[in-house]
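**Student:** With the sequences and hints as input, model every part of the structure.
Protein chains in written order, with the numbering used here: chain A, 1 to 327; chain B, 1001 to 1327.
A few of these clues could be false.
[Claimed, not checked] Ranges between beta-carbon positions, derived for each pair:
id : chain 1 : residue 1 : chain 2 : residue 2 : range
1  : B       : Cys-1031  : A       : Pro-95    : 48 to 58 Å
2  : B       : Lys-1229  : A       : Pro-90    : 54 to 64 Å
3  : B       : Glu-1043  : A       : Gly-85    : 13 to 23 Å
No lab work stands behind these hints: they were computed from the structure.
Fair warning: this is a prediction, and the values are worked out from it, not measured in the lab.
A virtual CB, placed ideally from N, CA and C, is assigned to each residue, including glycine.
There are 2 protein chains.
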Amino acid sequence: MDERKYTVGIDIGGTNTVIGMVADTGSIVDCVKIPTVGHASPETFVGCIAAEIEKLVNRLPAQSIVAGIGVGVPCANAETGLVEGAANLPWPNFPLVRLMEDAAGMPTFITNDANAAAIGEMTYGVAQGLDNFIMLTLGTGVGAGIVVDGHLLSGSRGYAGELGHMVFPFAADRMCACGRRGCLQTVSSAGGVVETARRLLDSEAIPSSLRDIDRDALSARDIGRAAEKNDALALEVFRFTGDAIGTACASFAAFSDPDAIILFGGVAGAARFMVDAMREALEREALYVYKGRIRILTSSLPEADAALLGAASLPLHYEKKNVKKDE
Amino acid sequence: MDERKYTVGIDIGGTNTVIGMVADTGSIVDCVKIPTVGHASPETFVGCIAAEIEKLVNRLPAQSIVAGIGVGVPCANAETGLVEGAANLPWPNFPLVRLMEDAAGMPTFITNDANAAAIGEMTYGVAQGLDNFIMLTLGTGVGAGIVVDGHLLSGSRGYAGELGHMVFPFAADRMCACGRRGCLQTVSSAGGVVETARRLLDSEAIPSSLRDIDRDALSARDIGRAAEKNDALALEVFRFTGDAIGTACASFAAFSDPDAIILFGGVAGAARFMVDAMREALEREALYVYKGRIRILTSSLPEADAALLGAASLPLHYEKKNVKKDE
Chain A
1 MDERKYTVGI
11 DIGGTNTVIG
21 MVADTGSIVD
31 CVKIPTVGHA
41 SPETFVGCIA
51 AEIEKLVNRL
61 PAQSIVAGIG
71 VGVPCANAET
81 GLVEGAANLP
91 WPNFPLVRLM
101 EDAAGMPTFI
111 TNDANAAAIG
121 EMTYGVAQGL
131 DNFIMLTLGT
141 GVGAGIVVDG
151 HLLSGSRGYA
161 GELGHMVFPF
171 AADRMCACGR
181 RGCLQTVSSA
191 GGVVETARRL
201 LDSEAIPSSL
211 RDIDRDALSA
221 RDIGRAAEKN
231 DALALEVFRF
241 TGDAIGTACA
251 SFAAFSDPDA
261 IILFGGVAGA
271 ARFMVDAMRE
281 ALEREALYVY
291 KGRIRILTSS
301 LPEADAALLG
311 AASLPLHYEK
321 KNVKKDE
Chain B
1001 MDERKYTVGI
1011 DIGGTNTVIG
1021 MVADTGSIVD
1031 CVKIPTVGHA
1041 SPETFVGCIA
1051 AEIEKLVNRL
1061 PAQSIVAGIG
1071 VGVPCANAET
1081 GLVEGAANLP
1091 WPNFPLVRLM
1101 EDAAGMPTFI
1111 TNDANAAAIG
1121 EMTYGVAQGL
1131 DNFIMLTLGT
1141 GVGAGIVVDG
1151 HLLSGSRGYA
1161 GELGHMVFPF
1171 AADRMCACGR
1181 RGCLQTVSSA
1191 GGVVETARRL
1201 LDSEAIPSSL
1211 RDIDRDALSA
1221 RDIGRAAEKN
1231 DALALEVFRF
1241 TGDAIGTACA
1251 SFAAFSDPDA
1261 IILFGGVAGA
1271 ARFMVDAMRE
1281 ALEREALYVY
1291 KGRIRILTSS
1301 LPEADAALLG
1311 AASLPLHYEK
1321 KNVKKDE
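**Tutor:** Encoded structure:
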């Protein structure tokens, strides 16, 4: 029997963490989800992940090799291995690579969740063959993986693409987890969509099935389900969200001249309710050289897969560079 | 006597065009300036440039080789050789590479003026050794050369870095040459600085030597000279401009995580009057991960030299790639 090579891909989100065993062919052979919240410390959280990895490893056939762990996590510093200032995680700062290598005994590599998703989408999804695109991750937080001239932007300390924290007038009355006002994230994250719905429920007389849901328990998923049933208020929530995202993308275009914007993450599940307003705003607000040139796409990979596959590709990607680690 | 290799560098701005003969050692050995405006057509404009190039070539010593022409020009499409939609030039669209090759008989390469300046600054100026910076060109128009991870961003059609056309609330009441409202350029260009001064002259009772200058003839240079003499209104103009640029740079940081912002172009000559307000705004408005990390630099090269040297380096840069042209 031949040896078979695997890597572990991990996608740490603000709510859930997905851990997958990925074959070097790019197929996810096994996968488990644990909550990100509710752990006493980063150490216990990483300990839980390591325990899940052990179970995944034990389920592999004999002769399997696990080459390493790749993690997509908000505010990852790929150089230092630290998570630094992650406003959407229970612990904004912790030494993820060191904790993971101690707990799991495998070489570990991190990048931010949006970059991981962009790498996954380039390798397996709708971004195959695209040299210029922005992948907007719309989830608990909002980030971006930006590819320009075929290269995924990293920046001086790996913080390129924090587009969820670009400030726009349409969000001027919203406070962000980062401590500032007006961030795109306050409108286009799952929480932002809920906040928009609450405001509309308060201020508009539109009838809506959302009025039957406890205000504090209302989720972006509830609003998506209502939109699927043509609920007028829910549709207006996504129209507003799409308009905001399209306006933001008109600004982003001036930076990197992309061929496409790719929507990814939980909120992107409602893309079909947002895309018309998004396209209209993008065409309305963009500088003339970009008008009519930028496609709006949605991730073709199942929700967690792009981030997981992108993360899982990190150990393979770094294998050749990784001289220091093997010393 | 040895052969000596030269290239022609051209910097086409909204007001003037600078044409220089540059040795392959990077020194500008000869240089001439002609107005960009006042020509009957793109053909006659390019014809004037070609005539100046001929004079420069004739002044070279014997045994000199001129390898080609590089041009920095707004809205250059490096792929097609066209200028497309240049709002700050007398002709927004013209086939610059074809006209120049026809008129001057030398292989010609173009990039936008801001990219040319960034290449020049990387090769000879304060950006030597910097892998992550944004070079903001503040002149008749406002553009940017963006370098991320050591790579100068081009984008899907060469239009990356049109940061002068990012829209901000501080300029919401200003109309841009591009037809939209609120572009950074309406505040931070030479014309934007003049407009700010006019507004302050109208609305504020601050005494100012600028009140002695004919309102329609007022130039950014006048305002710079007044600031040098501590004119309170002129200083307030540059404080406002610096605050606006700093606010804009806080947004730009979220895109590319730069180590430095480099100010370049005519308005950057007044950088010392803007830099305190710019730094304060950048630190105030930036996401926490960028705070205290971004240096503000001014170009170390004489005003036109960076753009000229960057342009002149294009034929050398493309020499190896340039198979089609030689066929």
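**Student:** Look at each hint and say if it fits the structure.
**Tutor:** To see whether the hints hold, each was checked on the structure:
1. At about 55 Å, the beta-carbon gap between Cys-1031/B and Pro-95/A stays in the expected band of 48 to 58 Å.
2. The hint said 54 to 64 Å for the Cβ distance between Lys-1229/B and Pro-90/A, and at roughly 57 Å that hint holds.
3. At roughly 56 Å, the beta-carbon separation of Glu-1043/B and Gly-85/A lies outside the given 13 to 23 Å, and the hint is violated.
Checked against the numbered hints given earlier, this structure breaks only hint 3.
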